[in-house]
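Novice: What follows is the residue order along each chain.
Protein chains: 2
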Amino acid sequence: MLEFSNLPDSRPYQLFHQYYQEAEAANQVLAYAFAVSSYNPSTKIVDSRFVNLKYIDGNDWIFFTNYKGPKAQAFEGHNQISALFNWTATRMQIRIKATIKKIDLIKSDEHFKGRIKEKNAVAIASNQSQKIESYEAIEEKYKKVLENEDLSKRPDYWGGFAFSPFYIEFWNGKDTRLNHRQVFELIDEDWQDSILQP
Amino acid sequence: MLEFSNLPDSRPYQLFHQYYQEAEAANQVLAYAFAVSSYNPSTKIVDSRFVNLKYIDGNDWIFFTNYKGPKAQAFEGHNQISALFNWTATRMQIRIKATIKKIDLIKSDEHFKGRIKEKNAVAIASNQSQKIESYEAIEEKYKKVLENEDLSKRPDYWGGFAFSPFYIEFWNGKDTRLNHRQVFELIDEDWQDSILQP
Chain R
1 MLEFSNLPDS RPYQLFHQYY QEAEAANQVL AYAFAVSSYN PSTKIVDSRF VNLKYIDGND
61 WIFFTNYKGP KAQAFEGHNQ ISALFNWTAT RMQIRIKATI KKIDLIKSDE HFKGRIKEKN
121 AVAIASNQSQ KIESYEAIEE KYKKVLENED LSKRPDYWGG FAFSPFYIEF WNGKDTRLNH
181 RQVFELIDED WQDSILQP
Chain Z
1 MLEFSNLPDS RPYQLFHQYY QEAEAANQVL AYAFAVSSYN PSTKIVDSRF VNLKYIDGND
61 WIFFTNYKGP KAQAFEGHNQ ISALFNWTAT RMQIRIKATI KKIDLIKSDE HFKGRIKEKN
121 AVAIASNQSQ KIESYEAIEE KYKKVLENED LSKRPDYWGG FAFSPFYIEF WNGKDTRLNH
181 RQVFELIDED WQDSILQP
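Each protein sequence line maps, in turn, to chains R and Z.
Quick note on our numbering: the first sequence kicks off at 1 and runs consecutively.
Quick note on our numbering: the second sequence kicks off at 1 and runs consecutively.
Careful: at least some of the hints might be erroneous.
Copies of the same chain are indistinguishable here, so a pair counts whether it falls within one copy or spans any two.
Straight line, CA to CA, 30 Å or less: simulated BS3-like cross-link-like pairs of lysine-lysine [claimed, not checked]:
(1) Lys102 to Lys44
(2) Lys68 to Lys44
(3) Lys101 to Lys44
(4) Lys44 to Lys153
(5) Lys174 to Lys113
(6) Lys101 to Lys174
Think of the hints as simulated: they come from the structure by calculation, not from any bench.
Whenever a hint applies, use it, and build me the whole structure from the sequences.
Specialist: The structure is reproduced here in structure tokens:
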């Protein structure tokens with residue numbers, strides 16, 4: 001479910017790839033899901049939610065969402081986010097700090113075309129995170145879209161974000177609680193590594 | 001591992017308690033672990049990490065940490081956080097926004113006394129998140145503390161934080177992607193609920 005391409009040679013990328021494969025091999029549920037956390041300077045609110053990572057293409061870590069939803073608004077106001085993976089199957093926690101931006105529209109078009117029509121119907125039908133009178137009203141909106149709309153055409157309020165890490169920590173939990181914490185920080189375009197106390 | 005006491009009658013608390021029990025019954029790994037996200041106004045950095053929730057006592061959701069670490073510093077500068085539980089076993093995600101403060105020292109003393117000595121040795125030995133020359137240096141510091149220190153005495157740099165939610169969302173994932181999202185917001189001391197679009 002997570003596609004790697006143009007994977008950088010640098011050690012944190014190679015390690016992430018290796019640990020991801022280990023998590024998958026250990027049957028980690030939703031290994032590609034991560035908590036993305038944001039700060040909205042207008043509301044002064046920190047918020048967090050799980051999303052699914054779809055691609056790591058070079059330095060771009062890409063996921064898709066509604067461009068009008070609260071998280072997209074927060075990214076516009078403050079373009080630094082955290083991304084947190086937690087693979088209990090291998091006791092690995094990956095802690096990332098990154099800057100975030102929208103991807104090219106053409107890439108969002110391509111990705112949208114490749115999805116199943118039911119998912120696209122949800123993306124088209126939903127004013128994400130807006131209130132609605134009932135869950136039944138959501139189901140009705142969805143059914144109408146599924147029957148009547150062109151489900152291969154990306155709506156302009158839906159697309160990808162790419163984040164580029166400047167900090168990656170590999171946190172490996174230990175029974176002793178002496179957890180192993182290896183950190184990589186991007187300094188002048190070089191990744192510097194260090195060990196942190198647990 | 002998570003103790004409930006003085007549980008409020010309000011619906012979001014009763015629902016959280018019910019869904020927590022369902023997650024435990026479904027053998028959710030680390031159901032009491034959650035991602036706590038912070039914003040540090042000095043560094044302008046959003047960050048996130050998993051911690052273990054120990055108590056819900058009335059409106060206080062309590063966990064313990066190092067008071068000199070980066071997350072404690074962020075809480076001092078910006079006392080609003082998010083807390084995110086993700087129970088894949090029951091497809092429930094609990095999204096919380098809350099304000100946070102330190103708990104009474106005496107309660108931290110009591111909790112510290114009740115922990116196993118090995119955990120306390122880690123708490124005493126570790127300058128949490130500070131760099132150190134090697135993992136072996138961590139092990140040496142730990143061994144010295146374990147042999148030489150009074151492990152029942154809480155160090156002043158360790159203690160509890162309590163957060164009090166003002167927003168709780170129960171997000172239930174569906175195969176259709178028409179996820180069920182029920183939100184409770186604390187408005188003038190009353191919990192108002194609504195349904196959000198997926």
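Novice: Run every hint past the structure and note whether it holds.
Specialist: Evaluation of the provided hints:
1. Lys102 to Lys44: both (22 Å within a copy, 21 Å between copies)
2. Lys68 to Lys44: both (18 Å within a copy, 24 Å between copies)
3. Lys101 to Lys44: both (20 Å within a copy, 17 Å between copies)
4. Lys44 to Lys153: Answer is neither; intra-copy 35 Å and inter-copy 38 Å both fail.
5. Lys174 to Lys113: Only across copies: Lys174 and Lys113 sit 22 Å apart there, 44 Å inside one copy, limit 30 Å.
6. Lys101 to Lys174: between (35 Å within a copy, 29 Å between copies)
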